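We have chain A; now place chains B and C onto it with these hints.
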Amino acid sequence: MAIIEAKGLCKAYESAVKEAGLAGAVKHLFKPEFREINAVRDVNLSIESGETVAYVGPNGAGKSTTIKMLTGILMPSAGTVSVNGMDPYRERMENARRIGVVFGQRTQLWWDIPVRESFTLIRDIYGISAARYRDNLSYLTEVLGLAEFMDMSARKLSLGQRMRADLAVSFLHDPAVVFLDEPTIGLDVAVRERIRAFLARVNRERGATILLTSHDLDDIRDVCERLVIIDHGTVIYDGKLQTLLDLCVRTRTMHLRLASGGDALAAKLDKKANLQTIARSDCEISVEFDRFALSARDVAALAIESGDVIDFRIDEPDIERVIKNVYEGKLDLAGAGK
Amino acid sequence: MLRLALRKYRRFAALAIQETLAYRIPYIVNMVSIVVTYAVIFGIWAAVFSGKASVGDYAWAEMKTYLVISLFMSALVSGSSEYRTSRQIRTGNIAIELLRPADYQLSSLSITLGNSLCEGVLVSLACLAFAFATGPGVFPPDAISWALFVVSCLIAIATKFLLVYVFGLACFWTNSLMGISWLRKGLTDFFSGALIPLAFFPGWLMTVADWLPFRNIVWVPAGAFTGRIAGADLARSLAVGVAWVVALWLIARFVWSRAMRKVTIQGG
Amino acid sequence: MKAINTVWLFFRFLSQNTKIKLEYKLDSFILFVSGAALQALGFLFIAVLFSKVPNIAGWTQWEIIFMLAAIYISEGLVSFAFEGAWQMAFLVNSGEMDRMLLRPVSPVLQILTFTMGIHGIGNMALGAVLLSLSLSHVHVAWTFARILFIPIFIVSACAIRTAISFAANCSAFWLKSYYNAFPLMVYQMADFAKYPSSIFGKAIESLILFVLPYGFISYVPACWLFGKAWWGIFAWGSPLVALWCCLAARWVFYRGLRRYDGSGN
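So the protein sequences, as listed, match chains A, B and C. Per our numbering, residue 1 is the first one in the first sequence, and the count goes up by one each step. Per our numbering, residue 1001 is the first one in the second sequence, and the count goes up by one each step. Per our numbering, residue 2001 is the first one in the third sequence, and the count goes up by one each step.
Just so you know, the hints here were simulated from the structure itself, not pulled from any lab data. Every value quoted in this text rests on a predicted model; they were computed, and no experiment measured them. Glycine is no exception: its CB is placed at the ideal position from the N, C-alpha and C atoms. Mixed in with the good hints there might be a few duds.
[To be verified] Below 27 Å or equal to it, Euclidean Cα-Cα: the simulated BS3-like pairs (lysine-lysine) are:
id, chain 1, residue 1, chain 2, residue 2
1, B, 1185, C, 2052
2, B, 1052, C, 2228
3, C, 2176, A, 18
[As the list claims (entries may be wrong)] If you anchor each label on the Cβ, the simulated ranges turn out as follows:
id, chain 1, residue 1, chain 2, residue 2, range
4, B, 1175, C, 2151, 53 to 63 Å
5, B, 1246, A, 19, 24 to 34 Å
6, C, 2133, A, 130, 23 to 33 Å
7, A, 18, B, 1003, 49 to 59 Å
8, B, 1175, A, 91, 30 to 40 Å
9, B, 1204, C, 2147, 33 to 43 Å
This is chain A alone, in the form it adopts within the complex (with noise of 0.2 Å):
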């Protein structure tokens, strides 16, 4: 049974319509109007325990609304739900026991006493026996190099430690999922590594489900091996990442700086298959390419032996623009498996 089971979930909320000004408020103050607003419609998940997912989408897609659902701060307008076996919002704190939830935006320390002690108000929180506590702790600080502020308060750290601190928080004890919500948002290379890593590796050697959001393909790409994609409240991709990409992204973009010459490059270049120059001035051009086909390295090469290459650097796929591309119907997922 899969540890995570939605099926048919909706999620319709009120808005007050209000017109601008003045004018509009004191309306509103007497003849209040509402509007229905579909923020989740008809999410079916089906999650096995130990699986990675990415959920992702633009915002306002839903994510955060699933997410509330799925962790029982929100009760569904329509639709079931099970987590561990469980509904999350009528069996609530039974179910806060086993899942462990991270937000990036919001802490789950006590923002005025050291980590430390946050650790232990958990531990006394969840019950975690002082054997397990004592092994957790240790594989968490090790892992995530939590003793440079053990002894700190949450107000005194920075963004990336605030970030491990909650990671470890959330894994102190041992929950079979974990949600995580935008946790690298705001952080640098160097930590959202460092998470991805941990992330990757908790699930390796502890086995816990992990559900992600995140607008960071590195995140998805090195942690996830599924991915489901959500826009204006339903599921429109559902399955492998790497299916996805294979599918919808098959080109990069190379941006080279150069000494002069552009045109003549860009001509060069042109003659090439599974090449194609999108952009030429005599500095610089844009070149496309098939990356089944050809190698970034192959087409530098190429290009530095063609012309007076100074500089380049590559265009990443952006999920965004791959979600864009999806929704606005340029890329068919007829192909990709669910």
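Just chains B and C now, kept in the frame of chain A:
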């Protein structure tokens, strides 16, 4: 330059009214709460006066009028400006607020006046209702007295705003504004004469009250209205009231500058 | 087992919060002073009033001060141990409530212990002083029952106060504003219980006896202790009233929670 500034602050005031109306239920509830306080005070005084022609040298008619004026003055200038400041500090928004190209003190006043305009209309209606329900009172005899009453009201509003503001600045040093605001409210209610006319105070306490700004909030306007304070006395009281407004403004600016030096942004 | 655990966690949170608050010496001091000043002003108000008037509706100064003291003691306890209730508007609107819902501990407990006020001890102490003073100034026919009654009604008083305060703060689920005046208004209603409600008329009297049972904190006990009315004996019902209030508050909370939709998009 001035016109631009005025327009800016007027927009703040309009926004404040909009804000008030957006949260319609809390606004109405706030008004009701003030009326409740006065129901208590009215009840107490009605019980005190029952069966008596006068208490101290107050007749019931004058006492009733006094209480209605007290209600009116207490209801103007709500304490919401201090909650706004405190919330901004707590959430770190104060930084954004301070970066806005408007003098914080002045913009605060504009927003407060905006709120007061809203509340003032409703409160006046409530007071009129109260007054009609409780029978005849004592009124100013001529236009000049009315004018002086209005002046005393303006002084009262300014004093009250400045007191709320100055006490509210304490939020830069302490995280718990509740205590400060209750203390201010308690002191104001007591020493302004809102609960008991200052004339009832024992000598030593009345002297203390005379040296504080609170009396300008209820005692002086009520006295101007009922004629208990008149002529040279009234002129002197109003002058002292204005002096207090100036003093409080300066104190506010001073405390503000100290606060700016101290400002720490909470939360990373 | 779960109940004992909850109680233990309560003291754990309380002591943790106390440690934190003790670091904010200035804050604590200010609250202490303002709390004491407010109570002094309350006492002063009655003293000044009674300097011109011998009694109000048959009640003397110290009898009314007894009622005031009872209110102060119950207030003090809420400030000390259950101050978190007042933060509900913040918790609900900032989404902090999410954090509490995701823990395997009663959210009610977490909310109540979210913060504490050191000054509450000062309030309780002053209230106790006023209470003893008033009892020494009023002629009471002391019996064993009457002596036993004192701690019982004080504990019930504190429970009633907490429950009403908590329930009123649950309005945050319905009124989406950081500045929530509703619980303040309900808190203010306690003013009616500082004085013999017979002077306020039947409507108000019914209000503070049956709707917001503040009357059982001060008025009804005073009626019984000072022999003011035959129905004063109902003061012994205070514990039941307290229990009912707690259950009602809990019900309000869970209804409000249904409306909660977390913060953010």
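Here is how each hint holds up against the structure:
{"no.": "1", "hint": "1185(B) x 2052(C)", "result": "holds, 24 Å"}
{"no.": "2", "hint": "1052(B) x 2228(C)", "result": "holds, 23 Å"}
{"no.": "3", "hint": "2176(C) x 18(A)", "result": "holds, 16 Å"}
{"no.": "4", "hint": "1175(B) x 2151(C): 53 to 63 Å", "result": "violated, 34 Å"}
{"no.": "5", "hint": "1246(B) x 19(A): 24 to 34 Å", "result": "violated, 43 Å"}
{"no.": "6", "hint": "2133(C) x 130(A): 23 to 33 Å", "result": "violated, 50 Å"}
{"no.": "7", "hint": "18(A) x 1003(B): 49 to 59 Å", "result": "violated, 31 Å"}
{"no.": "8", "hint": "1175(B) x 91(A): 30 to 40 Å", "result": "holds, 37 Å"}
{"no.": "9", "hint": "1204(B) x 2147(C): 33 to 43 Å", "result": "holds, 39 Å"}
Consistency with the previously given hints fails for numbers 4, 5, 6 and 7, ordered from lowest to highest.
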